[in-house]
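Could you put together the complete structure from these sequences and hints?
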Amino acid sequence: MAEAAAVTPLHRRARHATPAELADIVWLQTLEPADRDRVAEELQVAEAHPGELLCRIGRTPSYWLGVVSGLLKMNNDSSVGAPVTFTGIPPGAWFGEGTLLKHEAYRYNVQALRKSTVAGLPMASFHRLLDNSIPFNRFVMRQLNERLGQFIAAREIDRLNDPDLRVARSLAALFHPVLYPGVGSLLRITQQELGMLVGLSRQRVNEALHTLQRSGLIRIEYGGVRVLDLDGLQRQVFHS
DNA sequence: GCATTAACACGTA
DNA sequence: TACGTGTTAATGC
Numbered sequence: 002m003a004e005a006a007a008v009t010p011l012h013r014r015a016r017h018a019t020p021a022e023l024a025d026i027v028w029l030q031t032l033e034p035a036d037r038d039r040v041a042e043e044l045q046v047a048e049a050h051p052g053e054l055l056c057r058i059g060r061t062p063s064y065w066l067g068v069v070s071g072l073l074k075m076n077n078d079s080s081v082g083a084p085v086t087f088t089g090i091p092p093g094a095w096f097g098e099g100t101l102l103k104h105e106a107y108r109y110n111v112q113a114l115r116k117s118t119v120a121g122l123p124m125a126s127f128h129r130l131l132d133n134s135i136p137f138n139r140f141v142m143r144q145l146n147e148r149l150g151q152f153i154a155a156r157e158i159d160r161l162n163d164p165d166l167r168v169a170r171s172l173a174a175l176f177h178p179v180l181y182p183g184v185g186s187l188l189r190i191t192q193q194e195l196g197m198l199v200g201l202s203r204q205r206v207n208e209a210l211h212t213l214q215r216s217g218l219i220r221i222e223y224g225g226v227r228v229l230d231l232d233g234l235q236r237q238v239f240h241s
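Everything in the first sequence is counted per my numbering, starting at 2 for the first residue and increasing by one.
Simulated from the structure, these hints should not be mistaken for lab results. From the three backbone atoms N, C-alpha and C, an ideal C-beta is built for every residue, glycine too. Hints are not guaranteed to be accurate.
Stated by the list, open to error - Derived DEER-like restraints, expressed as beta-carbon distance ranges:
(1) His104 with Thr212: 39 to 47 angstroms
(2) Asn162 with Arg220: 25 to 33 angstroms
(3) Gln204 with Lys103: 39 to 47 angstroms
(4) Asn138 with Tyr223: 36 to 44 angstroms
(5) Arg16 with Arg156: 33 to 41 angstroms
(6) Leu145 with Pro123: 17 to 25 angstroms
(7) His128 with Arg203: 40 to 48 angstroms
(8) Arg220 with Val27: 24 to 32 angstroms
(9) Arg13 with His211: 41 to 49 angstroms
(10) Ile135 with Gln204: 48 to 56 angstroms
(11) Gln204 with Gly59: 32 to 40 angstroms
(12) Val179 with Pro20: 18 to 26 angstroms
(13) Gly183 with Glu33: 22 to 30 angstroms
Written out as structure tokens, the structure reads:
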């Protein structure tokens, strides 16, 4: 199962982005037309199969990565200690800029939880935009800022022992409209996958979801969760 | 007590 | 058919 292949799906079977895919990349729309056209040509897209790694601890990055569709997770597993999932990475997310900026090796793994479509902006293009595009810099700065809040919230989640609250906080994080604009109001995630992210059994996640549904914050759908009251969900999260 | 695993029926893609 | 959901029973800390 763990093949020794050192390349990601983007390295081995990349294609150009379709117009529909380009339209869903929010930061692309903020660029000046000349930059936008050039970057649209440079962007690479590939399908990642369940379990495939997009980032591997110790390897150096060659792309800034985005989720077009599907679901990824960031974890620490590979080496020693208990497997710890840091976060789920839903559609619309762009990540890995910290590692690119520092010219370091990855300190985490990212792998597909299910069949996913991922996009990659080559490292040279990423740095060229940083050097020349103010709109791009604004986007990256805002993203870094929003994600700082996410990581602080994630630390709180770890300290919580109330399973219902843990699920609520994880959902609130995944429905973040700035970091994950591709999610919208329907997050496609199974209760099994949510359990893996939160660290609970599927049965307990099911119970927590029904509690949240009874309070009118979400609606459980087949293979996903719809948020009905994002403000309420976030309030519930800050309540404790 | 509370969460987990195992097992099952049932519905959906 | 394969997968996701809802539920119950037995087990463990």
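Structure-based check of all given hints:
Take His104 and Thr212: their Cβ atoms lie about 46 angstroms apart, and the range 39 to 47 angstroms holds. The beta-carbon spacing between Asn162 and Arg220, approximately 26 angstroms, falls within the hinted interval of 25 to 33 angstroms. Taking 39 to 47 angstroms as the suggested C-beta distance range, the pair Gln204 and Lys103 conforms, at roughly 41 angstroms. Against the hinted window of 36 to 44 angstroms, the Cβ-Cβ separation of Asn138 and Tyr223 comes to about 41 angstroms, which satisfies the hint.
The beta-carbon spacing between Arg16 and Arg156, approximately 38 angstroms, falls within the hinted interval of 33 to 41 angstroms. For the pair Leu145 and Pro123, the supplied restraint of 17 to 25 angstroms holds, since their beta-carbon distance comes to about 20 angstroms. One distance hint, 40 to 48 angstroms for the beta-carbon pair His128 and Arg203, holds here, with the actual separation near 43 angstroms. In this structure, Arg220 and Val27 meet the distance hint of 24 to 32 angstroms, their C-beta atoms being roughly 26 angstroms apart.
For the hinted restraint 41 to 49 angstroms between Arg13 and His211, the CB-CB distance of approximately 42 angstroms keeps it satisfied. Here the CB-CB span from Ile135 to Gln204 is close to 50 angstroms, well matched to the stated 48 to 56 angstroms. One distance hint, 32 to 40 angstroms for the beta-carbon pair Gln204 and Gly59, holds here, with the actual separation near 36 angstroms. The hinted range of 18 to 26 angstroms is satisfied by Val179 and Pro20, whose Cβ atoms lie roughly 24 angstroms apart.
Roughly 23 angstroms separates the CB atoms of Gly183 and Glu33, a value that falls within the hinted 22 to 30 angstroms.
No hint from the list above goes unmet by this structure.
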